[in-house]
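Q: This is what each chain is made of:
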Amino acid sequence: MKLIKIQELLEAEAVTGKYDPEIEIEIGCSSDLMSEILAYGKPNSVLLTSLNNIQVINTANVADIGVVCFVMGKIPDDKMINLAKINNITLLTTILTTFESCGRLYKNGLKSCSYLD
Amino acid sequence: MDNTRTTSKIQELTYELKIKDVMIKNIKTVNSEMSICSLGDFLKKNRITGVPVVNEDELVGLISIEDFINCIKNQDKDAIINDKMTTNIETLYEDEPLVHAITKFDKSGFGRFPIISRKNKKLVGIITKSDIIRGILKKLETAYHDEEERRYRASHIFNDIVADEVFFKFQYDVEAKNFDKAGEAATGLKKTLYRLGLSPEIVRRAAISTYEAEINIVSYTDGGKITAYLEPHQIRIVITDIGPGIPDVEKAMKPGFSNAPGWIRELGFGAGMGLPNIKKFTDKMTLRSTVAKGTRLVIIIKLSDYRNGD
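In order, the protein sequence lines correspond to chains A and B.
With my numbering applied, the first sequence closes on residue 201, and no number is skipped along the way.
With my numbering applied, the second sequence closes on residue 319, and no number is skipped along the way.
What the hints contain is simulated information worked out from the structure, not anything from laboratory work.
These numbers were taken from a predicted model, which means no experiment stands behind them.
Any given hint could turn out to be false.
Stated by the list, open to error - Lysine-lysine pairs mimicking DSBU-like chemistry, simulated, CA-CA at most 30 Å apart: (1) B/K34 x A/K102; (2) B/K200 x A/K195; (3) B/K147 x B/K34; (4) B/K178 x A/K169; (5) B/K116 x B/K82.
Could you build the full structure based on these sequences and the hints that come with them?
A: As structure tokens, this is what we get:
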């Protein structure tokens, strides 16, 4: 799924500014527990979370996750935005809940990452 | 001081440069049916001391001037290459980093290695120690090329690099309870390993496991240290802290076990997944802990996908 499509489906705003809308995202994952994301998150995926602190950016960075969307209108602070920009991570924010965000992406064909592989 | 800096620059280059960057591509080959006498003329004419033996595109052996001299000594003039060549040959892939060739030269004592393509296993080049020196010097791009060549003679470079089997060492101090800084060691290590050309999957595993260990130091200890060693076949990461130690290591290793205080959980950790995650992403993990003294965690990530056949 193209990044622009994800942004549209989630009615999200890109807080890290301009990005390449053509970036292909293959997988979605969601958790507020960063260890879960580290355990089964996949490279080239979008992370949906309502956790809003610097460790979300570090988690995305070490796990090669290129896009993070904060749900329920949470807006990352400047330090997080800067760190994301340096590491080429796109940050989105949506007013939707975690449940609805995941539902919209899943319904439109974005795959989930299995924690079994 | 100056010497240390130069050495590490050379070490860096041995990772950055690939074998194909320095190997000789336009290679001469001989057929195994060629007579030893003609081989002598061939080596002389081409001013080389050894040559790969290739039959119908397939690498079958190596023959060197030493084999030729032995034949003459034994008055074995009618022999053909097939009788005298080395068939037990070791090869390297063109996309491997230079350091693999250096290690192989050091361990085997051979003078040259044929280089093959990973795709079709066909011979694409040959490498000798002097090709490595030339490649590194070229890359150093110093104005005093000739002087450098004298200063870093083959033996010198090889001693520096292979001497203690550790190519790089990175060290990070990790502060207790400082969540703003947590992650700096892991992300710093990740950047460095990428820059050295390690595969993304290896880098990811090293980064994730270091990150979990770093979060543990910040969350549960009075501070600690992360030291990563890049060795020829593995990354070894040693994580130590100054206490308070883990009373029951077996229990701590159980997925889901946690005694994390609320503030750690609020930050997205403390679910009892840290140590199991580290285990998941590493090839070996050793955890030793003494209450009131501290904990020492050693993790190993093998570079196996990087070195085919190992």
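Q: Compare the distance between the alpha carbons of B/K200 and A/K195 with 30 Å, and conclude whether the hinted pair is satisfied.
A: holds (29 Å)
Q: Between B/K178 and A/K169, is the straight-line Cα distance small enough, at 30 Å or below?
A: Satisfied, since the Cα-Cα distance of roughly 28 Å is no more than 30 Å.
Q: Measure nothing beyond the straight line between the CA atoms of B/K34 and A/K102; if it is 30 Å or shorter, mark the hint as holding.
A: violated (44 Å)
Q: Within 30 Å, alpha carbon to alpha carbon, are B/K116 and B/K82?
A: Distance of about 29 Å is within 30 Å: holds.
Q: Checking one constraint from the list: CA of B/K147 to CA of B/K34, max 30 Å. Satisfied?
A: Holds. B/K147 to B/K34 sits at ~16 Å (cutoff 30 Å).
Hint 1 alone, counting from the list given before, is not met by this structure.
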